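**Student:** Top to bottom, those sequences are chains A and B. Residue 178 in my numbering sits at position 116 of the first sequence, with consecutive numbering throughout. Residue 326 in my numbering sits at position 204 of the second sequence, with consecutive numbering throughout.
Just so you know, these hints were derived from the structure itself, not from any lab. Just so you know, these numbers come straight off a predicted model, no measurement behind them. A hint or two may mislead.
Said to hold, decoys possible - Label-pair restraints from in silico Cβ distances:
#1 A:67 to B:196: 46 to 52 Å
#2 A:110 to B:315: 35 to 41 Å
#3 B:190 to A:71: 46 to 52 Å
#4 A:321 to B:205: 57 to 63 Å
#5 A:299 to B:264: 50 to 56 Å
#6 B:205 to A:118: 39 to 45 Å
#7 A:118 to B:348: 56 to 62 Å
Here a beta-carbon is modelled for each residue, glycine too, at the ideal position from N, C-alpha and C.
The lines below spell out each chain.
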Amino acid sequence: MPLLLRPFQLLGSAVLGVLRALGHLVMFCGSVLWSAITPRWYFGEIGRQMVRIGFYSLPVVGLAAVFIGAALALNIYVGGARFNAEQFVPTIVVLGITRELGPVITGLMLAGRVSAGIAAEVGAMRVTEQIDALTTLSASPKRYLYAPRLIAAVLTLPLLVVVADIIGVAGGWLVGVNSLGFDSVVYLRNTLDFLEMSDVTAGLIKSGVFGAIIALMGCYYGDRSQAGATGVGRAATLSMVSAAVLVLASNYVLSTLFVEFGL
Amino acid sequence: MSVPILELKGVEKRFGGNQVLRGVDLDVASATSLVVIGGSGSGKSVMLKNALGLMIPDAGQILFDGQDVTRSQGKDRDRMRARIGMLFQSAALFDSLRVWENVAFRLVQVDRLRRKEAKARAIETLRKVRLGPDVADLYPAEISGGMQKRVGLARAIISQPELIFFDEPTTGLDPITADAINDLIVEQVEALGAATVSITHDMASARKIADEIAMLFEGKIIWRGAASDVDVSGNPYVEQFVQGLAEGPIQPGF
Ligand SMILES: Nc1ncnc2c1ncn2[C@@H]1O[C@H](COP(=O)(O)OP(=O)(O)OP(=O)(O)O)[C@@H](O)[C@H]1O
Ligand SMILES: [Mg+2]
Numbered sequence: 063m064p065l066l067l068r069p070f071q072l073l074g075s076a077v078l079g080v081l082r083a084l085g086h087l088v089m090f091c092g093s094v095l096w097s098a099i100t101p102r103w104y105f106g107e108i109g110r111q112m113v114r115i116g117f118y119s120l121p122v123v124g125l126a127a128v129f130i131g132a133a134l135a136l137n138i139y140v141g142g143a144r145f146n147a148e149q150f151v152p153t154i155v156v157l158g159i160t161r162e163l164g165p166v167i168t169g170l171m172l173a174g175r176v177s178a179g180i181a182a183e184v185g186a187m188r189v190t191e192q193i194d195a196l197t198t199l200s201a202s203p204k205r206y207l208y209a210p211r212l213i214a215a216v217l218t219l220p221l222l223v224v225v226a227d228i229i230g231v232a233g234g235w236l237v238g239v240n241s242l243g244f245d246s247v248v249y250l251r252n253t254l255d256f257l258e259m260s261d262v263t264a265g266l267i268k269s270g271v272f273g274a275i276i277a278l279m280g281c282y283y284g285d286r287s288q289a290g291a292t293g294v295g296r297a298a299t300l301s302m303v304s305a306a307v308l309v310l311a312s313n314y315v316l317s318t319l320f321v322e323f324g325l
Numbered sequence: 123m124s125v126p127i128l129e130l131k132g133v134e135k136r137f138g139g140n141q142v143l144r145g146v147d148l149d150v151a152s153a154t155s156l157v158v159i160g161g162s163g164s165g166k167s168v169m170l171k172n173a174l175g176l177m178i179p180d181a182g183q184i185l186f187d188g189q190d191v192t193r194s195q196g197k198d199r200d201r202m203r204a205r206i207g208m209l210f211q212s213a214a215l216f217d218s219l220r221v222w223e224n225v226a227f228r229l230v231q232v233d234r235l236r237r238k239e240a241k242a243r244a245i246e247t248l249r250k251v252r253l254g255p256d257v258a259d260l261y262p263a264e265i266s267g268g269m270q271k272r273v274g275l276a277r278a279i280i281s282q283p284e285l286i287f288f289d290e291p292t293t294g295l296d297p298i299t300a301d302a303i304n305d306l307i308v309e310q311v312e313a314l315g316a317a318t319v320s321i322t323h324d325m326a327s328a329r330k331i332a333d334e335i336a337m338l339f340e341g342k343i344i345w346r347g348a349a350s351d352v353d354v355s356g357n358p359y360v361e362q363f364v365q366g367l368a369e370g371p372i373q374p375g376f
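Chain A with its partners taken away, still in its complex shape (with noise of 0.2 Å):
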């Protein structure tokens, strides 16, 4: 081959490794949503795996919400007393918490704890033939370990929104009634005064996506990951990095169609 075409063949070989990998990962998510929303069920694990994921993430969710919220209620003042704006405080903080911050940083603390700690479990199992013996025993890997951990995030990461946007909330009253001089009963009244129920959903919606990102690139990156200690340790690195940036690109994504169907 004449040398002046070298860089075109590394350049096509580069993209058509990039291709193969993402078809892959397009053909392993949806095998996985397809076995999630078919039968059969195994209602033990997905039990099993919503008290993992959901409950077991309270207390830091619920940690990252109140300091989040606190945060927002003390630069909105600063930055409010600019132009006279102080009052709306309350308003602010809650919309941007329901609409925002409630669910990414739901996301972004679970892409840390579930995602990768799904694909370092999964990995595990994987170089130790555990994932071998699921399927000559005729368990599928998918409808047994995968589908599960999908529909538990999923079911359970709105759960933790809702929690998250109330402790959040309560983050800003906080220091809304004890550092900014705001009356209790004043602030709880704007906060709920223009807050539509749309904020909310538009909130649940997104964490529900959030929820499926984390547990498939758990998956993913678990199923696929090679032998050894450093193998599953860089399927935990690479799930969670992943479930990060999908998650903010697809809360972009989504609050533009949220913009768009007045949502």
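Assemble chain B with the ligands onto chain A, guided by the hints.
**Tutor:** For chain B with the ligands alone, coordinates are given in the frame of chain A:
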């Protein structure tokens, strides 16, 4: 001879540029025990995974009781898998489940037996591999490697399969425990009347388990014969392997 329970015809498998299997032909008759020997990295585990349907061969055919393993799907495949048992090299017990739940996994999850009944069957099967009922409620991480192998064996035999695969059943065990595992394998296989395909480096184990021995080298079966003939095979590769010599036609794999 009747239809072999397992038949591999011209099976080929490559990973990128690494051609691991180059046309493996092998058949196993019902209720006989075949041991496959071969050096590290010669593709023994890959051959087993192809035979189990865990990997798809690039070429060739794999028949279980006349049925194509790679083509079968759905209920057919589940029925076929129920007739096949497997003991993995690392035992591959599910570490989130208790010992008895591991042993009874198929009964509970696939056959949907009631837990109480399944547990009773698991304990009975554990007894066959000389493990007491006190082990049943432990987790795999709480028992030794030799015990894990026995639990793996119990899981492989609980559904009374017609064909069982053993991937290096004695590797990593002390000679006494290894011999006990060999005895259990022979005893349980006789009780079931199952055919077995075992992979091993361990000649002591091979002599004990095997009716027949086959040697895999450079992706092909280069010798096959009765276990009693392995010392007089007349094949320089087999002789070198059986005697464990570094000198000979096979170059050490490093
Ligand atoms: N999933 C895989 N992807 C790529 N290469 C693989 C894969 N599995 C096995 N191989 C390659 O196939 C070859 C044979 O591996 P295999 O595990 O079958 O060896 P083995 O005969 O079982 O060795 P050992 O006795 O050490 O277990 C090795 O070179 C290995 O690198
Ligand atoms: Mg092997």
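**Student:** Lying within 50 to 56 Å: is that true of the beta-carbon distance residue 299 (chain A) to residue 264 (chain B)?
**Tutor:** Distance hint for residue 299 (chain A), residue 264 (chain B) is violated at roughly 30 Å.
**Student:** 46 to 52 Å was suggested as the range; check whether the CB atoms of residue 67 (chain A) and residue 196 (chain B) agree with it.
**Tutor:** Given a distance of about 48 Å, which is inside 46 to 52 Å, the answer is holds.
**Student:** Given the hint of 46 to 52 Å, is the C-beta distance from residue 190 (chain B) to residue 71 (chain A) inside that range or not?
**Tutor:** The hinted range 46 to 52 Å is violated for residue 190 (chain B) and residue 71 (chain A), with Cβ atoms some 39 Å apart.
**Student:** Using the Cβ atoms, figure out if residue 118 (chain A) sits within 56 to 62 Å of residue 348 (chain B).
**Tutor:** Between residue 118 (chain A) and residue 348 (chain B), where Cβ atoms are some 58 Å apart, the hint holds.
**Student:** Confirm or reject the claim that residue 321 (chain A) and residue 205 (chain B) have a C-beta distance inside 57 to 63 Å.
**Tutor:** Cβ of residue 321 (chain A) to Cβ of residue 205 (chain B): about 58 Å, so the range 57 to 63 Å holds.
**Student:** Looking only at beta-carbon atoms, does the pair residue 205 (chain B), residue 118 (chain A) fall within the given range of 39 to 45 Å?
**Tutor:** Given a distance of about 40 Å, which is inside 39 to 45 Å, the answer is holds.
**Student:** Residue 110 (chain A) and residue 315 (chain B), beta-carbon distance inside 35 to 41 Å?
**Tutor:** 38 Å, holds
Violation of the numbered hints given earlier is confined to hints 3, 5; the remaining hints are satisfied by the structure.
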